[in-house]
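Each protein sequence line maps, in turn, to chains D and G.
Going by the working numbering, the residue at position 9 of the first sequence is 9; the numbering climbs one at a time, nothing skipped.
Just remember that the working numbering sits 1000 ahead of the position in the second sequence, which is counted from 1.
Read the hints as simulated data drawn from the structure, not as lab findings.
By construction, the Cβ of each residue, glycine as well, lies at the ideal position given by its N, Cα and C atoms.
Hints are not guaranteed to be accurate.
What the hints assert, rightly or not - Think about it this way: if two alpha-carbon atoms lie no more than 25 Å apart in a straight line, the pair counts; the simulated SDA-like pairs of lysine to any residue are:
1) Lys46(D) - Tyr1008(G)
2) Lys193(D) - Leu1026(G)
3) Lys324(D) - Val61(D)
4) Lys1027(G) - Phe313(D)
What the hints assert, rightly or not - So the derived list for chain G, only partly shown, Cβ under 10 Å to chain D, looks like this:
5) Met1001
6) Gln1002
7) Met1007
8) Tyr1008
9) Pro1010
10) Ile1011
11) Val1013
12) Val1014
13) Phe1015
14) Ile1018
15) Ala1020
16) Ala1021
17) Phe1022
18) Ala1024
19) Gly1025
20) Lys1027
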Amino acid sequence: MTLELLGISVLWLFLFGYIIVASIDFGAGFFSAYSDMAKKKHVIHKIIQRYLSPVWEVTNVFLVFFFVGIVGFFPKTAYYYGYTLLVPVSISIILLAIRGSYYAFSTYGLKDHKLYMFLYGITGLFIPASLSIVLVISEGGFVDLSQHHPTLLYKDLFISPFTWSIVLLSIVSVLYISANFLTYYAHEAGDFKARDLLRRYTVIWSGPTILSALLIIYQLKYHNPEHFVRLMDVSWMLIGSFLLFIFSLYLIVKRGYFGWSFILLVLQYGLAFYAYGISHYPYLLYPYLTIYDGFTNETMAVSLVIAFIAGLFLLIPSLYLLLKLFLFNKNYVKGQL
Amino acid sequence: MQTFLIMYAPIIVVFLSIIAAFWAGLKDEKIHS
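Bound-form chain G, shown alone (with noise of 0.2 Å):
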C-alpha cells in the first residue's frame, strides 16, 4: 500500500488534472456563446 502511494498516487493526481483540463475545454459555454 505504502508503495503504491509513494510511486502512483502522485501519477494517478496528474492523470486526473488532465482528464480534467480536457473535459474544461469541452464545456467551455462561455465562449461558445
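So that you can see chain D by itself, here it is in the shape it has in the complex (with noise of 0.2 Å):
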C-alpha cells in the first residue's frame, strides 16, 4: 500500500467516523425542535437532552482531524479547495457557531426558548447541506481554471440537479441515522414512549432515504459518466448497503434488536461510503487533482500517519469511555445522574 492511498485511507475512515457522529447529534437537535412543533416535545425532549449533553463535544474532534490532515497529507487541496470553499465552508462555519452557542444560551440563559430550538434544529439540517457541497465540487464541473485561481460556477452548482439530489440525500440520512440510533437508546433508558416515536420517525425517514440515494446514482450518470462506471464496478457493495438498509428496517419495524438494527445501518452506511470513495479514486477533485498530485514529503506523510494512528488510539478510548460512563450508564439515561 502506497503512502498515499495509505493517508486517504485513514482521512475516509475519520470522515466517515464524523458522518456518523455528527449525523445523530444533529438528527437529534432537529427532532428536539420538529417534537416542539409537534407538541411531543414531553415525550422526547428529556432523552434527546440526556444523549447530547456530553455527545457534543466529542463530535467535532473528527472534523478537525480531517480537515488538518487533508491539508497535511495534499497540500494541493488547500489551493483548489481554499478557493472554491470559501462560501460554503464559511457558512458551515457561521452555521457551528449558533448551534454551539445554543448551548451555552439555553444552559445559562433562558431555557426552552423557541428561537434557539429553532435555530438549533434548522442548523441540524443546514450544517450537513453546507459540508455536503464539499462532496458535490469534487465531482468536477464546477471549478473554473481558466482565470489566475481556481473559481466556483455558483449558477451551474446552484442550478444543477445534481447538487441538490447531494444536498437532500445528507438531509434525510441525518434525520434516518439520527432517529435510528435515538430509538436504541430510548430503549436502553427504558422510555418506551419516546421509543416508539423515535421507531415511528425512522419507518418514516427510511423512505426518503433509499429514494434519495437511488437518485445521486440515478444523477451521476448524467453528471459524472466517468465515475458512475467505476461505481457500477463496485456495485455488490451497494446491493450490500442495500441488503443491510432492509435487515435494518425490518428490526425496527418488528420492534426486537434496536441495538442491532443500528449496527446493520452502520454497516450499511459504511458499505456505500467505501464504495463511494473507492470508486472515487484516485481524484480528489474531477479532473484537476489526484492523490498522487502534490503529495506531501515522505518525513511529513510518515508522521502523519504516526500522528493520526495515535489520535484514534485516544479518541476510541475516550469515546468507548464517554458511552460506558454517560450514554449507557443505566442511572445516566434514566436521569438519576
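Assembling the complex is the task here: the two chains are given apart, and the hints tell you how they should meet.
As C-alpha cells, this is what we get:
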C-alpha cells in the first residue's frame, strides 16, 4: 500500500466516523425542535437532552482531524478547495457557531427558548447540507481554472440537480441515522413512549433516505459518467448496502433488536460510503487533482500517519469511556445521575 | 420537456417524499394520544 493510499484511507475513516457521530447529533437537535412543533416535546425532549449533553464536545474532533489531515497529506487541496469552498464552508462555520452558542444560551440563559430551539433544529439540517457541497464540487464541473485561481461556478452549482440530490441525501440521512440510534437509546433507557415515537420517525424517514440514495446514483450517470462506471464496478457493495438497509429496517419494524438495527445501519452506510470512496479514487477533484498530485514529502507523511493512528488510539478509548460512563450508564440515561 | 423529465422529475419525487415524511411526523395522533 502506498503512503498516498494509506493517507486517504485513514482520512476516509475519520470522515466516516464524523458522518455517523455528527448525524446523530444534528438529527437529535432537529427532532428536539420538530417534536416541539408536533407538540410531543414532553415525549422525547428529555431523552435527547440526556444524549446531547455529553456528546456535543466530541463530535467536531473528527472533523478537525479530517481538515488537518487533508491539508497535511495533500497540500494542493488547500489551493483548489481553499478558493472554491470559501463561501460554502464559511456558511457551515457560521452555522456551527450558532449551534454551539445554543448550548451556552440554553444552559446558562433562558431555558427552552423557542428561537434558540428553532435555530438549533434548523442548523442541524443546514450544516450537513452546506458541508455536503464539498462532495458535489469534488465531482468536477463546478470549478473554473481559466482565471489565475480556481473559481467556483455558483450558478452551475445552484441549478444542478446533482447538487440538490446530494443535499437532500445529506439531510434525510441525518434524520434517519439519528432516529434509528435514538430509538435504540430510548429503548435502553426504558423510555418506551419516546422509543415508539422515534421508531416511527425512523420508519417514516427510511423511504426518503433510500429514494435519495437511488437518486444520486441516477444523477451521477449524467453528471460524471466516468465515476458512475467505476461505481458500477463495485456495485456489489451497493447491493450489500441495500440489503443491510432492508434488514436494519425490518428489525425496527418488528420492534426487536434495536441495537442490531443500528449496527446494520452503520454497516449499510459504511459499505455505501466506501463504495463511493473507492470509485472516486484516485481523484480528489475531478479532473484536476488526484491523490498523487503534490503529495506531501515522505517524512511528513510518515509523521502524519503515526500521529493519526495515535489520535485514533486516543479517540476510541475516549469514546468508549463516554459511552460507558454516560450514554449507556443505566442511572444516567434514566436521569438518576 | 424530455430533459426536464430526465433530470428534474426524479428529484421532485424525492422532494415530495421528504415533504410527506415531514408532514406524517407532525400528524401522528396515535402516538400523541
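Going down the list of hints, with the structure as the test:
1. Lys46(D) - Tyr1008(G): violated, 41 Å
2. Lys193(D) - Leu1026(G): Holds, because 16 Å separates the two Cα atoms, which is no more than 25 Å.
3. Lys324(D) - Val61(D): The hint holds at about 19 Å.
4. Lys1027(G) - Phe313(D): Violated - the C-alpha atoms of Phe313(D) and Lys1027(G) are around 45 Å apart, more than 25 Å.
5. Met1001: violated, 15 Å
6. Gln1002: violated, 13 Å
7. Met1007: Constraint on Met1007(G) satisfied, holds at 5 Å.
8. Tyr1008: holds, 6 Å
9. Pro1010: holds, 5 Å
10. Ile1011: Status holds, d = 5 Å.
11. Val1013: holds, 7 Å
12. Val1014: holds, 5 Å
13. Phe1015: holds, 7 Å
14. Ile1018: For Ile1018(G), the interface hint holds, since the closest Cβ of chain D sits about 5 Å away, which is under 10 Å.
15. Ala1020: Hint on Ala1020(G): holds, closest Cβ of chain D at ~8 Å, below 10 Å.
16. Ala1021: holds, 5 Å
17. Phe1022: holds, 8 Å
18. Ala1024: holds, 5 Å
19. Gly1025: holds, 6 Å
20. Lys1027: Since chain D brings a Cβ to about 8 Å from Lys1027(G), closer than 10 Å, the hint holds.
In this structure, the hints that do not hold are numbers 1, 4, 5, 6, in rising order.
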